[in-house]
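Using the sequences and the hints, build the whole thing.
Protein chains in written order, with our numbering: chain U, 1 to 113; chain W, 114 to 224.
Some hints could be false.
What the hints assert, rightly or not - Derived list of chain W stretches under chain U, where covered just means 3 residues or more per stretch with a C-beta under 8 angstroms from a C-beta of chain U:
| hint | segment |
| --- | --- |
| 1 | 140-147 |
| 2 | 167-177 |
Said to hold, decoys possible - Listed next, the in silico SDA-like pairs over lysine to any residue satisfying Cα-Cα at most 20 angstroms (straight line):
| hint | chain 1 | residue 1 | chain 2 | residue 2 |
| --- | --- | --- | --- | --- |
| 3 | U | 9 | W | 153 |
| 4 | W | 211 | U | 51 |
| 5 | U | 57 | W | 208 |
| 6 | W | 211 | U | 55 |
Derived from the structure by calculation, the hints contain no laboratory data. Yeah, the Cβ is synthetic: ideal placement off N, Cα and C, and Gly gets one too.
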Amino acid sequence: DSGVTQTPKHLITATGQRVTLRCSPRSGDLSVYWYQQSLDQGLQFLIQYYNGEERAKGNILERFSAQQFPDLHSELNLSSLELGDSALYFCASSVQGGNQPQHFGDGTRLSIL
Amino acid sequence: GQQLNQSPQSMFIQEGEDVSMNCTSSSIFNTWLWYKQEPGEGPVLLIALYKAGELTSNGRLTAQFGITRKDSFLNISASIPSDVGIYFCAGQDSGTYKYIFGTGTRLKVLA
Numbered sequence: 001d002s003g004v005t006q007t008p009k010h011l012i013t014a015t016g017q018r019v020t021l022r023c024s025p026r027s028g029d030l031s032v033y034w035y036q037q038s039l040d041q042g043l044q045f046l047i048q049y050y051n052g053e054e055r056a057k058g059n060i061l062e063r064f065s066a067q068q069f070p071d072l073h074s075e076l077n078l079s080s081l082e083l084g085d086s087a088l089y090f091c092a093s094s095v096q097g098g099n100q101p102q103h104f105g106d107g108t109r110l111s112i113l
Numbered sequence: 114g115q116q117l118n119q120s121p122q123s124m125f126i127q128e129g130e131d132v133s134m135n136c137t138s139s140s141i142f143n144t145w146l147w148y149k150q151e152p153g154e155g156p157v158l159l160i161a162l163y164k165a166g167e168l169t170s171n172g173r174l175t176a177q178f179g180i181t182r183k184d185s186f187l188n189i190s191a192s193i194p195s196d197v198g199i200y201f202c203a204g205q206d207s208g209t210y211k212y213i214f215g216t217g218t219r220l221k222v223l224a
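Listed below in structure tokens is the structure:
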């Protein structure tokens with residue numbers, strides 16, 4: 001158990017809809033990262049937050065947004081969903097966000113019908 | 114997006130054999146991490162490397178941070194069936210400080 005909690009575990013929705021994925025980092029970790037993993041692919045970095053502020057941005061679509069709240073949990077919002085958005089979405093956390101290792105949750109599997 | 118070159122893409126080996134996989138990058142990295150992912154789960158950290166030339170072990174696993182800071186390898190000795198999974202390397206780019214993940218090595222162990 002990494003200590004990173006993601007909900008929900010599975011999400012099935014239709015094209016055009018909007019969903020919110022939630023992540024609670026490990027206790028004491030200030031930095032949260034979001035990744036997308038498509039079928040049989042590697043991990044694509046989406047965005048990083050540190051103590052409530054956006055720290056780094058990766059290949060995140062404009063239809064996607066995220067935030068980190070004062071209690072350090074984070075949400076990833078995906079809107080105007082397309083079939084290609086079907087993927088595993090992982091959250092990871094680290095102590096500060098420098099070179100400390102990231103610890104991953106078990107992911108949310110998003111299926112777009 | 115930018116990714117590391119990780120090889121091999123997949124490996125089928127006999128139980129008891131040693132395994133070696135590596136990652137190379139065109140960029141210099143500050144940190145190398147090695148993860149293992151099993152079906153339905155998130156990646157689990159195996160080894161973290163912070164200095165060029167560093168050699169670190171975790172049980173039957175050994176990883177090294179390349180001297181050029183552009184590569185790393187992971188060795189697994191005396192493989193067992195539970196070693197099955199996808200192994201990812203990740204490097205922290207020294208310019209952007211972003212972590213970049215390799216494309217993964219799928220390992221299958223035949224008993």
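Right, here's what the structure says about each hint:
no.: 1; hint: 140-147; verdict: holds (count 3)
no.: 2; hint: 167-177; verdict: violated (count 0)
no.: 3; hint: 9/U with 153/W; verdict: holds, 10 angstroms
no.: 4; hint: 211/W with 51/U; verdict: holds, 17 angstroms
no.: 5; hint: 57/U with 208/W; verdict: holds, 14 angstroms
no.: 6; hint: 211/W with 55/U; verdict: holds, 10 angstroms
Comparing the model with each numbered hint stated earlier shows that hint 2 is the single one that does not hold.
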